[in-house]
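Colleague: If you want the building blocks of each chain, they are given just below.
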Amino acid sequence: AQKVTQTQTSISVMEKTTVTMDCVYETQDSSYFLFWYKQTASGEIVFLIRQDSYKKENATVGHYSLNFQKPKSSIGLIITATQIEDSAVYFCAMRENNYAQGLTFGLGTRVSVFP
Amino acid sequence: DPKIIQKPKYLVAVTGSEKILICEQYLGHNAMYWYRQSAKKPLEFMFSYSYQKLMDNQTASSRFQPQSSKKNHLDLQITALKPDDSATYFCASSDDEILYFGPGTRLTVL
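Residue numbers (our numbering), protein chains in the order written: chain C, 1 to 115; chain P, 116 to 225.
To be clear, the hints were calculated from the coordinates, so they are not data collected in a lab. The structure presented is a predicted model; accordingly, all values stated were derived computationally and were not measured. Among the clues, some could well be false.
Partial chain P-side listing against chain C, Cβ under 7 Å, derived [unchecked claim]:
1) Tyr-148
2) Pro-157
3) Leu-158
4) Phe-160
5) Ser-163
6) Met-170
7) Asp-171
8) Glu-212
9) Ile-213
10) Phe-216
11) Gly-219
We put the beta carbon where it would ideally sit given N, CA and C, even for glycine.
Based on the sequences and whatever the hints tell you, model everything.
Modeller: Encoded structure:
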């Protein structure tokens, strides 16, 4: 069975700095997909970035990047040059190689960015 | 224009009643999903549909019944409502590995 664990419940950072969030996952599949989403204060859930397990290069999209450490079953999210509007709850999620399955989510990490 | 519409945004129901949550997506996706978010719990996968057929059901209770009348519709009927059903219900759709979520329906059962 899949499992996703985010141990950091909340992080506070100053604007324009870098924040790093941890996520570890469990799966029996050799092929799987990893995602990060954010949930804004309004409740909207927005897709940020993904990492396919067979890809060795860390994914990067805008000021989001991933630290994928497959041997450790770890997929950290790094946000550089944070902005006030990056304040949100960030969820790590995964799906095994089965299109019918939904994503398994972690509990989330609340990030607060201060000026 | 919103790409995934969920109605209503807020819903209050009494214990034992029945409600239908509406979801329509205009992304042209073939797969649709329902998720539930309760306080202090992770987003919980409930159902997945592809081409209007049930693909996966992770909801133990038969009180939750998805209904797909059209390719881009996936409604959720909940019967015999209980206070524990209080949560925000999110509809999502996908055409590859990425899921796109609707704005959610916040259900409160009194």
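Colleague: It remains to establish, for every hint, whether it holds in the given structure.
Modeller: Hints, verified against the model:
1. Interface hint at Tyr-148/P: satisfied, since its Cβ lies 5 Å from the closest Cβ of chain C, which is below the 7 Å cut-off.
2. Given the 7 Å rule on beta carbons, the hint for Pro-157/P holds: about 4 Å separates it from the nearest Cβ of chain C.
3. Interface restraint check for Leu-158/P: the shortest CB-CB distance to chain C comes to about 4 Å, inside 7 Å, so the restraint holds.
4. The beta carbon of Phe-160/P comes within 3 Å of a beta carbon in chain C, closer than 7 Å, and the hint placing it at the interface holds.
5. For Ser-163/P, the interface hint holds, since its Cβ comes within 7 Å of a Cβ in chain C; the closest pair sits about 5 Å apart.
6. With its C-beta approaching chain C no nearer than about 3 Å, Met-170/P sits inside the 7 Å limit, and its interface hint holds.
7. Satisfaction of the interface hint for Asp-171/P is found here, the shortest Cβ-Cβ separation to chain C being roughly 4 Å, below the 7 Å cut-off.
8. Interface restraint check for Glu-212/P: the shortest CB-CB distance to chain C comes to about 5 Å, inside 7 Å, so the restraint holds.
9. Given the 7 Å rule on beta carbons, the hint for Ile-213/P holds: about 5 Å separates it from the nearest Cβ of chain C.
10. Annotation: Phe-216/P was flagged as interfacial toward chain C, and the flag holds, the nearest CB pair being 4 Å apart, inside 7 Å.
11. Taking 7 Å as the C-beta cut-off, the interface hint given for Gly-219/P holds, the closest approach to chain C being about 6 Å.
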